[in-house]
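Build the full structure now, drawing on both the sequences and the hints.
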Amino acid sequence: DARIAQIYEGANGVQALDLVGRKLAQDGGKHVMAFFDLVKGFIKDNAGQDAEFDAAFLDPLKAASKDLQSAGMYFMQNGMKNPNHALAGSNDFMHMFGHVCLGLMWAKMGLAAKEALKTGSGDATFYETKLATGRYYMARQLPATALHLTRIQSGADTVMALEAANF
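Under UniProt numbering, the very last position in the sequence shown is 167; numbers go up by exactly one each time.
It should be emphasised that the hints constitute simulated quantities derived from the structure, not laboratory data. Accuracy of the hints is not assured; some may be wrong.
Derived pair list, reagent style PhoX-like, types lysine-lysine, alpha-carbon separation capped at 20 Å [said to hold, decoys possible]:
1) K81 x K23
2) K62 x K118
3) K40 x K108
4) K44 x K23
5) K118 x K108
Label pairs and their calculated CB-CB ranges [stated by the list, open to error]:
6) F126 x L38: 48 to 58 Å
7) K66 x L162: 28 to 38 Å
8) Q77 x A55: 31 to 41 Å
9) T119 x P83: 16 to 26 Å
10) A51 x N84: 14 to 24 Å
11) N84 x P143: 39 to 49 Å
These figures come from a predicted structure and were not determined experimentally. We put the beta carbon where it would ideally sit given N, CA and C, even for glycine.
Shown next, in the form of structure tokens:
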């Protein structure tokens, strides 16, 4: 059921190409930079208050955001020389961006749950479950950004290795 969003064959590929080929550099990259600033600001504003929260939520978010920024830098450094480098990594970049967005949301939910437990407001079981689910995402799903970065940085050569006639 979770894959229902991928109804149309190629739709995600088209969205990924649009993200990397057009939206990433749109307005001089100011929109993607604003997102990075949002993530950095959240981490900065909340770091150092609770070592356990930092380790479970903020550190993984920071690492994933750095992976995403590194991928963007790779595209800027290599995409102009050979657009295939950016295009070959576009699907991975789209997934990375999604992971970091979800990581930010889980960190925000984790912070809210932690505060609710601290003040004793609401259903403690709900907030404990929210924290456990968030820790799961941060530890088991968010690190996928490193895999996506490695695939992006491998370039276009293996993706473009076959001649059109070989298909």
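Hint check:
1. K81 x K23: OK: K81 and K23 at ~19 Å, within 20 Å.
2. K62 x K118: 25 Å, violated
3. K40 x K108: 13 Å, holds
4. K44 x K23: 27 Å, violated
5. K118 x K108: 15 Å, holds
6. F126 x L38: 48 to 58 Å: Violated, at about 27 Å.
7. K66 x L162: 28 to 38 Å: 33 Å Cβ-Cβ, so the 28 to 38 Å window holds.
8. Q77 x A55: 31 to 41 Å: 32 Å, holds
9. T119 x P83: 16 to 26 Å: 52 Å, violated
10. A51 x N84: 14 to 24 Å: For N84 against A51, whose Cβ atoms are near 44 Å apart, the range 14 to 24 Å is violated.
11. N84 x P143: 39 to 49 Å: 27 Å, violated
In this structure, the hints that do not hold are numbers 2, 4, 6, 9, 10 and 11, in rising order.
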